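Q: Sequence:
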Amino acid sequence: MKLQLVLRRKLCRTYATRLPQRPPYRAPDPLKNNPNAVSLPEDLTFIHRSPPSAPSPLSYTTSPASPLLHPEPSSSSSLPPLLRTDKPQSPRLSQEDLLKIRKLRVEDPLTWTRSKLAKEFNCTPNFIGRAAAMKVRDRKKVLAQRDEEHEKARGLWGEKKSLFREIAKKRRDFW
Numbered sequence: 001m002k003l004q005l006v007l008r009r010k011l012c013r014t015y016a017t018r019l020p021q022r023p024p025y026r027a028p029d030p031l032k033n034n035p036n037a038v039s040l041p042e043d044l045t046f047i048h049r050s051p052p053s054a055p056s057p058l059s060y061t062t063s064p065a066s067p068l069l070h071p072e073p074s075s076s077s078s079l080p081p082l083l084r085t086d087k088p089q090s091p092r093l094s095q096e097d098l099l100k101i102r103k104l105r106v107e108d109p110l111t112w113t114r115s116k117l118a119k120e121f122n123c124t125p126n127f128i129g130r131a132a133a134m135k136v137r138d139r140k141k142v143l144a145q146r147d148e149e150h151e152k153a154r155g156l157w158g159e160k161k162s163l164f165r166e167i168a169k170k171r172r173d174f175w
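Residue numbers (this note's numbering): 1 to 175.
I should point out that these hints are in silico values taken from the structure, not numbers from a laboratory. A hint or two may mislead.
[To be verified] Pair by pair, the computed Cβ-Cβ distance ranges are:
| id | residue 1 | residue 2 | range |
| --- | --- | --- | --- |
| 1 | 74 | 106 | 50 to 58 Å |
| 2 | 17 | 46 | 42 to 50 Å |
| 3 | 164 | 15 | 52 to 60 Å |
| 4 | 74 | 154 | 54 to 62 Å |
| 5 | 160 | 85 | 44 to 52 Å |
| 6 | 87 | 142 | 28 to 36 Å |
| 7 | 53 | 84 | 48 to 56 Å |
| 8 | 85 | 119 | 17 to 25 Å |
| 9 | 81 | 103 | 41 to 49 Å |
| 10 | 108 | 172 | 30 to 38 Å |
| 11 | 162 | 113 | 27 to 35 Å |
All of these numbers come straight from a predicted model, not from anything done at the bench. Even glycine gets a Cβ: it sits at the ideal position worked out from N, Cα and C.
Could you build all of it, start to finish, from the sequences and the hints given here?
A: Here's what the structure looks like:
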């Protein structure tokens, strides 16, 4: 008897076979039962839908009095206050100034750095980098000198700081 109950239980399904789905939407055919439809030869159908009301001359956008053609008045009271004033535009450098920048940069790139030249001529360091870029060999010398200075500074670090920096470097390598 018990064996029959176990077999019956295993032979019946206790779950849904598929998820329920709504049938796809089928829009009604606009040509059927349309009072405005006129059948034309060659299986063509013409449907005239009249507007709800006749347009007034003021409703056209080509009318000079149309409100659509006038810009909306901007009220500054609805805008939040400015966080800061606009940065004044620095004057453009003349050709003579550009030549002077390039000359100074070529003569002594260690003294006339990008930031010093930018302060001197009232422009950005990025502009100096583009207008008077260092030669590759000079840049390599400057970078080597900078790396030496950094190594000297690292030599003054304590054992603990050095250890933590090495661990962080190894962690970045394994990233």
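Q: Evaluate each hint against the coordinates.
A: Verification of the supplied hints:
1. 74 <-> 106: 50 to 58 Å: holds, 51 Å
2. 17 <-> 46: 42 to 50 Å: holds, 49 Å
3. 164 <-> 15: 52 to 60 Å: holds, 58 Å
4. 74 <-> 154: 54 to 62 Å: About 58 Å separates the Cβ atoms of residue 74 and residue 154, which means 54 to 62 Å holds.
5. 160 <-> 85: 44 to 52 Å: holds, 48 Å
6. 87 <-> 142: 28 to 36 Å: Given about 30 Å between the Cβ atoms, the range holds.
7. 53 <-> 84: 48 to 56 Å: holds, 53 Å
8. 85 <-> 119: 17 to 25 Å: With Cβ atoms ~22 Å apart, the hint holds.
9. 81 <-> 103: 41 to 49 Å: holds, 46 Å
10. 108 <-> 172: 30 to 38 Å: Roughly 36 Å apart at Cβ, these two residues keep to the hinted range, so it holds.
11. 162 <-> 113: 27 to 35 Å: holds, 30 Å
Checked against the numbered hints given earlier, this structure breaks none of them.
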